[in-house]
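Generate coordinates for the entire structure from the input sequences, incorporating the hints supplied.
Be aware that the sequence shown starts at 81, since it is given in my numbering, and climbs by one per residue.
In short, the hints are calculated from the structure, not lab data. Among the hints, a few may not be true.
What the hints assert, rightly or not - Straight-line alpha carbon distances no greater than 16 angstroms define the calculated EDC-like cross-link-like pairs of lysine to aspartate or glutamate that follow:
(1) Lys161 with Glu209
(2) Lys115 with Glu94
(3) Lys115 with Glu175
To be verified - Restraint ranges, calculated between C-beta atoms of paired labels, are given here:
(4) Leu240 with Asn128: 20 to 28 angstroms
(5) Gly138 with Asp92: 21 to 29 angstroms
(6) Gly138 with Tyr239: 39 to 47 angstroms
(7) Glu176 with Gly91: 16 to 24 angstroms
(8) Gly91 with Phe231: 35 to 43 angstroms
Glycine is no exception: its CB is placed at the ideal position from the N, C-alpha and C atoms.
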Amino acid sequence: MENSKHDLPLGDQERLIELLSLFLLVGMWIYVALKWSTLPETIPHHFNLQGEPDAWGGKAMIFLLPAIALGTYLLLYFIGKMSPSTYNYPVKITEENKAYQYALAVMMLKITNLWTMILMAYITWAIVEEAGGHKGALNGALLWTIIGSLFVVLAGYIYLAKKAA
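Structure, rendered in C-alpha cells:
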C-alpha cells in the first residue's frame, strides 16, 4: 500500500458531523464559563456505575472534562486529516476497495468524535447540575447507552468494512 497523500473531499454529512462535534466542544466551554460563578467550592468529579457522585473535589475540576474533550477532539480531528493510507484496516486494502474503505474510515473517525463530544458534554452538564443540588442528574442508563453507542459505531464500521472487502 502506498503512503502517498490521498485527500478525500468531505461530503455534506462529514461536514455536518464535524460542525456538530465542534459546536458541542465550544458549547461545553461556554456552559462551564457561564456556570462557574454559581458553582460551590466542592463539586462531584467522579460517579459510580449508577450515576451517583462518589468523589468530590475543588470547583476547578469542572474544566477537566472540557479539557479532555478538547484534546480528544483535536486528536481525532488531526488523525482525520492524515492520509487514510496510514490507518489500520480490518481488511486488506486493494485498488478496487480503497476509495470506499478510506471514506468509511474517515466517517468512522468523525462519528466517533461526535459521540465522544456528546458523552463529554453530557457528563459536564451532569456535574454542574449535581453541584447545583439536582440529585440524580447523571442518568446511569443514558450514560451507558452513549458509551455503548461508541462500540456500536466501531462494530458497524468493522461490519461495513468487511462486507465491502
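Compare the structure with the hints numbered earlier in the document and write down the numbers of the violated ones, lowest to highest.
1, 2, 3, 4, 5 and 8
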